[in-house]
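Chains as they are written, first to last, in the working numbering: chain A, 1 to 293; chain G, 1 to 193.
Take these hints with a grain of salt, some might be off.
[Claimed, not checked] Using 27 Å as the maximum straight-line C-alpha spacing, the simulated DSS-like pairs for lysine-lysine come out as follows:
1. A:Lys-12 <-> A:Lys-198
2. A:Lys-260 <-> G:Lys-158
3. A:Lys-123 <-> G:Lys-158
[What the hints assert, rightly or not] Cβ-Cβ distance ranges computed for the label pairs, FRET-style:
4. A:Leu-287 <-> G:Glu-36: 35 to 43 Å
5. A:Val-159 <-> G:Gly-161: 21 to 29 Å
6. G:Pro-129 <-> A:Glu-37: 36 to 44 Å
7. A:Asp-112 <-> G:Ala-75: 56 to 64 Å
8. A:Arg-61 <-> G:Gly-134: 29 to 37 Å
9. G:Ser-101 <-> A:Ser-269: 27 to 35 Å
10. G:Ala-75 <-> A:Val-89: 31 to 39 Å
11. A:Gly-57 <-> G:Val-133: 58 to 66 Å
12. G:Thr-184 <-> A:Arg-173: 23 to 31 Å
13. A:Glu-30 <-> G:Ala-40: 27 to 35 Å
14. A:Gly-70 <-> G:Tyr-70: 43 to 51 Å
15. G:Arg-10 <-> A:Trp-120: 50 to 58 Å
16. A:Glu-182 <-> G:Gly-99: 55 to 63 Å
If you're looking for bench data, these hints aren't it; they were derived computationally from the structure.
Quantities reported herein were computed from a predicted structural model and do not represent experimental measurements.
Note that CB positions come from ideal geometry on N, CA and C, so glycine has one too.
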Amino acid sequence: MTSKSERYELNKNLAQMLKGGVIMDVTTPEQAVIAQEAGACAVMALERIPADIRAAGGVSRMSDPKMIKGIQKAVTIPVMAKCRIGHFVEAQILEAIEIDYIDESEVLSPADDVYHINKWDFKVPFVCGSRDLGEALRRINEGASMIRTKGEPGTGDVVQAVRHMRMMNAEIRRLVSMREDELFEAAKVLQVPFELVKYVHENGKLPVVNFAAGGVATPADAALMMQLGAEGVFVGSGIFKSGNPQKRANAIVKAVTNYKDASLIAQLSEDLGEAMVGINENEISLLMAERGK
Amino acid sequence: MTNPSKRPMRIGVLALQGAFIEHMDRLHSLKADAIELRCAADLSAPLDGLVLPGGESSVQMKLLRELGMYDGLKAFIDSGKPVLGTCAGLILLASSVEGQSALGFGTMPVTVRRNAYGRQLGSFHTCAPFQGVGDVPMTFIRAPYVTEVGSDVEVLSKVDGNIVAVKYGNQYGLSFHPELDEGTWVYKLVFNL
């Protein structure tokens, strides 16, 4: 029998294996196969990609388990799926179908406007979005074993992912530079336990893997997030809302591996066809990043 | 391996995707000259050893081929210098993968079963005997194991009757991730650091 703390370590370890990789949103087994062949290190199974959720409006929920199982059958790489913030029964369902990672995601309509899921109650791992260090550490305190920036999903506008990654890293650097007796106040301001603040102070990083997500649409966007310190990238609408998903997926995977090689990224950026139609952050009425803090 | 020149051993760590930084950190702690291999140009420096890390074997294999690194690395493995493959790295070394065509270099005559313990819920940690080393901590993450070995392949460890570590010539293949647990025994064993 595996203890809770051992299970948590194993779940953090799976995220370590995903590093340097691209996790792609897919809505069908066919798209999942395209993603795997293009070099995705995992896929996120969902009924509608964020751009379509945004367009459709209304309440957005966990995907049909049958659809997720179809994607699990189609690929050998890990399969993730989203549940609503605070909806622990959707999470229980995803655990029952042996999902590899649950994304407690602001892309779906929140089920609870106060509480997130107590992720320690689960054996399967969780990834959660955050805009800054306080959010990230609160999610980790609740049992998340991987963090991603929230960004602004379904927009093709990378500005928020950049803002969130810079904010997180600036706050980490600030904690590192503090005297130890200043950490107690920092924990109070960040609204997180002292132990987590101390970990960041001593190690200069989050205790879990940190990916970029929300608005990544081009190989250059992906490399930008990597150079800003992301350990890997989620690409949602950016691939299957573009003119040539296969080619773009391939290019983003290579840009993440060689994120500092500008001449390679230049080649990869050629002839990718139409990128997803972007929406600027000030043109949208619904800011998903504001959900669940 | 003797190292008469006294310069630190230079170990290349395949750094296309996965948990390569963990290996780099352990090698640096042993004063090895660990270098990341991300593209064909990185293979121009002479290497004394190679690490194929964990991650997604399908991703790593695709990038190896498309970034023009396959032939250079295969020639290095064929040269008989020490190679350590962990998890996905073991899959890249195996000559045969159950249910699909071999993914990687195929330099080690073994058959592996990918995701042999199932999905993430099947991932586990244990302590088990490793030949010549004693009990070592073992972390299995969506791990493969070896189902068949060719002649001259030495079985170094079994867990619950399944083969989880093999040696063929100077190639070591492990289903688990020594880089995730405390200790540097594996680098001492493979690279004589």
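| message | Hint by hint, where does the structure go against what was stated? Just the numbers, ascending. | response | 2, 5, 8, 10, 14, 15
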